[in-house]
Amino acid sequence: VASPSVKLVGCLLLSAVRGLPKQRCQGCQGPCLPENPENIVTDENSDFHVERLYCNHLYHLSCLLDYLRTPPFQGGKKCPTCGERVFHDKWRIGEKLAEDRWAHEQARQRELDEVSDFFA
Numbered sequence: 001v002a003s004p005s006v007k008l009v010g011c012l013l014l015s016a017v018r019g020l021p022k023q024r025c026q027g028c029q030g031p032c033l034p035e036n037p038e039n040i041v042t043d044e045n046s047d048f049h050v051e052r053l054y055c056n057h058l059y060h061l062s063c064l065l066d067y068l069r070t071p072p073f074q075g076g077k078k079c080p081t082c083g084e085r086v087f088h089d090k091w092r093i094g095e096k097l098a099e100d101r102w103a104h105e106q107a108r109q110r111e112l113d114e115v116s117d118f119f120a
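Number 120 marks the last residue of the sequence shown (this note's numbering); no jumps.
Rather than coming from a laboratory, the hints here were simulated on the basis of the structure.
DSS-like cross-link-like pairs, simulated, lysine-lysine; straight-line CA separation at most 30 Å:
#, residue 1, residue 2
1, K22, K7
2, K78, K22
3, K78, K96
Quick list of simulated restraints, FRET-style, between CB atoms:
#, residue 1, residue 2, range
4, R108, V9, 49 to 59 Å
5, D113, N56, 37 to 47 Å
6, D117, L20, 43 to 53 Å
7, F119, E38, 41 to 51 Å
8, R69, P4, 38 to 48 Å
9, H104, V9, 41 to 51 Å
10, N56, C28, 17 to 27 Å
11, A103, Q29, 23 to 33 Å
12, Q74, C11, 38 to 48 Å
This one's a predicted model, so the numbers in the text were calculated from it and none came from an experiment.
All C-beta atoms in this analysis are idealised placements derived from N, C-alpha and C, irrespective of residue type, glycine included.
Whenever a hint applies, use it, and build me the whole structure from the sequences.
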């Protein structure tokens with residue numbers, strides 16, 4: 001007979017794992033995990049690597065980084081599902097730096113578009 005504490009941990013583990021195959025990426029709304037377990041992405045730098053936020057919502061790495069790199073930046077990024085502030089080890093820059101990087105990238109893209117229009 002399992003002790004009460006082991007039973008509680010086992011039940012918690014089962015409830016957490018049982019729902020994983022059905023969870024969807026909060027960014028693209030696609031399935032987080034492939035239907036075939038052999039196709040699970042284990043490369044942490046792959047676009048389809050699954051990342052769990054502190055609020056327990058799942059994102060593909062590329063969806064999470066796209067979300068974190070686009071405005072608004074004021075007050076920190078919030079999970080679109082639960083409204084909790086998004087903290088992640090792969091994203092440790094401040095609001096000001098994130099906004100500056102985004103503005104720089106937008107300016108660069110505008111310049112490239114202007115050059116492209118000039119030669120078209």
